[in-house]
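Chains D and R are the protein sequences, given in the same order. For the first sequence, the numbering used here begins at 1 and goes up steadily by one. For the second sequence, the numbering used here begins at 1 and goes up steadily by one.
Computed cross-link-like contacts, DMTMM-like style, restricted to lysine to aspartate or glutamate with a CA-CA straight-line distance of at most 20 Å:
hint: 1; chain 1: D; residue 1: Lys-102; chain 2: D; residue 2: Glu-80
hint: 2; chain 1: D; residue 1: Lys-102; chain 2: D; residue 2: Glu-140
hint: 3; chain 1: R; residue 1: Lys-44; chain 2: D; residue 2: Asp-91
hint: 4; chain 1: D; residue 1: Lys-102; chain 2: D; residue 2: Asp-25
hint: 5; chain 1: D; residue 1: Lys-163; chain 2: D; residue 2: Asp-153
hint: 6; chain 1: R; residue 1: Lys-212; chain 2: R; residue 2: Asp-237
hint: 7; chain 1: R; residue 1: Lys-44; chain 2: D; residue 2: Glu-183
hint: 8; chain 1: R; residue 1: Lys-74; chain 2: R; residue 2: Asp-145
hint: 9; chain 1: R; residue 1: Lys-44; chain 2: D; residue 2: Glu-47
Hints are computed from structural coordinates only; laboratory data are not their basis. Model, not experiment: these values are computed from the prediction.
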Amino acid sequence: MSLPATTWQTVGPFFSIGFSWLYRDNLAGPGVSGSRVEISGRVLDGEGNPVPDGIVEIWQANSQGKYAHPGDPQEKKVEEGFTGYGRVPTDGAGLFRFTTIKPGRVPGPDGHLQAPHLEISVFTRGLLRRLITRIYFPDESSNAQDFALNLVDAGRRSTLIAKQTDAGSGALEWNVILQGPGETVFFDV
Amino acid sequence: MPRAVDMLLRGRSSVGMNKIPGYRRYIPGTQPRHLHPSYVSSIKRAPQQPLVWLPHTLSEITGPVFGAEIADVKASDLTRQHSGEPVGERIIVSGRVLDESARPVPHTLVEIWQANAAGRYLHGNDQHNAPLDPNFTGCGHAVTDSEGRYRFVTIRPGEYPWGNHHNAWRPAHIHFSLFGPAFATRLVTQMYFQGDPLIPFDPIFNCTDDEKARNRLISQFDWETTIPSQALGYRFDIVLSGCESTPMETHGHGEKS
Ligand SMILES: [Fe+3]
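Just need the whole structure built from these sequences, with the hints factored in.
Shown next as structure tokens:
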């Protein structure tokens, strides 16, 4: 028996009523190992205007490259309190911000490890479905071999890589350009 | 459990890490295109570049896990979140969360949000000139049971005007958000009501080409879940992407930008 998957619909402008109880802007509690990073950025529309009614969801592995999910077959530990899930809204200036740890490398196709990355979903009024993208890290030599980055035209890869804003502080900037020049790469997942 | 990770575990010795069983891709036409000009907000927000087809890896076939403790009874009964009862017609909205092979998706988080009976959201940006209800917040969540069942008690939401075009009114609807077993199975949708005269005119409802797919967003009145002298029942089953039964090739047929 086969059923077709249910159709997506937009989150609309009032999703915060339903989503705010689960806002999580810190994925790295005190017991979680790894190097802390603060990632902030803006969601911008096709005219460069900030999107004040957007939401960004994060899914990531821990610093050992292990997901807090019963199906991750790797024999590695997940620290107490690490879920790998985050959810942050944009503010009036389209700005979002979250704190986490840099994830380790997780298995990819063909037995190769993927470069450290965060899985990202973007939801806003006007988007009939979520947009799916990834955040990679600057100064990461494994980016050059990452299979997903290599699926993307070289000229657009930089939209997936966060930028260091202040050397040594762990502060990174990564923006979501929904449309037009500099448009962020979105994946069909 | 309908999870690609179980397939991965079962098939590990023969499959290795070369090919991971992923989740099924959507059937063409059954999902909205990103750009749907009659929904005006999509015009400046829809991406213009083709999406890059991504084979599923461990990153996409895992996803956030929420325990049953995250949901209390109050969270699934939107009529009991305040000292008094909200105004409006009490309804029971229930159904099952299934995968594409019709297997239940157990222990998964379902979130809902909606307008009150007058068609007004408890949100600072809702400018509709209709009263707020001090006894209604309009949000809830529940975790499906071992058979994939969920159940909410709420108020039938009112229709509301919006600025999309002249005399635009949204049909009555409840917003749903689901996670499923993996990052790849996330779903946000809206549930409508059988017989609503506004449905044929709604650009959001109509943004999906496939008529059958659209109509599956309409809940069905249901005697079985109707409680005498208390509340009308509406059934709304939800289907999340199912896992591939055979390991996926590492290259798809989709576009690459
Ligand atoms: Fe709505």
